[in-house]
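Generate coordinates for the entire structure from the input sequences, incorporating the hints supplied.
From first to last, the protein sequence lines are chains A and B.
Letter by letter, the first sequence follows residues 2 to 114 in my numbering.
Letter by letter, the second sequence follows residues 1125 to 1232 in my numbering.
Be careful, since some hints might not be right.
Claimed, not checked - Cβ-to-Cβ under 7 Å is the rule here; a few derived chain A residues that face chain B: (1) ASP39; (2) PRO40; (3) GLY43; (4) LEU44; (5) PHE105; (6) GLN107; (7) GLY108.
Said to hold, decoys possible - Computed cross-link-like contacts, EDC-like style, restricted to lysine to aspartate or glutamate with a CA-CA straight-line distance of at most 16 Å: (8) B/LYS1219 <-> A/GLU31; (9) B/LYS1219 <-> A/ASP27; (10) B/LYS1219 <-> A/GLU102; (11) B/LYS1219 <-> B/GLU1127; (12) B/LYS1219 <-> A/GLU60; (13) B/LYS1178 <-> A/GLU60.
By construction, these hints were calculated from the structure, which means they are not laboratory data.
In this text, all values refer to a predicted model and were calculated from it rather than measured experimentally.
A virtual CB, placed ideally from N, CA and C, is assigned to each residue, including glycine.
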Amino acid sequence: NAGVTQTPKFQVLKTGQSMTLQCAQDMNHEYMSWYRQDPGMGLRLIHYSVGAGITDQGEVPNGYNVSRSTTEDFPLRLLSAAPSQTSVYFCASTEWTGNTEAFFGQGTRLTVV
Amino acid sequence: KNEVEQSPQNLTAQEGEFITINCSYSVGISALHWLQQHPGGGIVSLFMLSSGKKKHGRLIATINIQEKHSSLHITASHPRDSAVYICAVTQGAQKLVFGQGTRLTINP
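This is the structure in structure tokens:
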């Protein structure tokens, strides 16, 4: 099993550009989520999904879009990048049983200039 | 006030010392997670607890549900243990709420 595969690892964008961060898991997990990690603030939830076709907003959803067309994939789209979106992004997945280990992608360090 | 509080925020120790990192939470949980993040690296799950105590090698995690408190202990600490340790709790079905992390540095 590969676990959670997140790409790219690094990205530099210009203000206004768009991009998609990819996240895929091969564990048949129902719950997938995206977080951003900023210094002194811990990880904050951007969007999450409880299954294919179902997504919802987290704590900091503005400027981001998600979709879940399959159980395996949960891409995060930046619609028009802003310097405030400079951060490290993590994708995570877990089973829908409330009491299971969470698996994280390797992270994406995004810089918006 | 954050729902998950960790202490200390930063900890520096000498190789071989016994390390304790604390986590307190103020919400109902179904599980508590201890995670490890090396500099520039990804996040790895160390433990998932809902009660009692777990041990993996030199790492021990305990949780007291009544007091809403968990501790992560590292025995015989080593420089390779230097990392950020993150406490997270699962609220409800699967929502993860994270502490701000504890940066641990072990000097040789």
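Hints, verified against the model:
1. ASP39: violated (10 Å)
2. PRO40: With a closest approach of 10 Å, the A/PRO40 hint is violated.
3. GLY43: holds (4 Å)
4. LEU44: Hint holds; A/LEU44 Cβ to chain B Cβ min 4 Å, cut 7 Å.
5. PHE105: holds (4 Å)
6. GLN107: A/GLN107 check passes; min Cβ-Cβ to chain B is 4 Å, inside 7 Å.
7. GLY108: holds (5 Å)
8. B/LYS1219 <-> A/GLU31: Cα-Cα ~13 Å, so holds.
9. B/LYS1219 <-> A/ASP27: Roughly 21 Å separates the two Cα atoms, so the pair is violated.
10. B/LYS1219 <-> A/GLU102: Roughly 12 Å between the alpha carbons, so the hint for B/LYS1219 and A/GLU102 holds.
11. B/LYS1219 <-> B/GLU1127: Holds, because 13 Å separates the two Cα atoms, which is no more than 16 Å.
12. B/LYS1219 <-> A/GLU60: holds (11 Å)
13. B/LYS1178 <-> A/GLU60: The hint is violated at about 31 Å.
Hint check: violations occur at hints 1, 2, 9 and 13; the rest are consistent with the structure.
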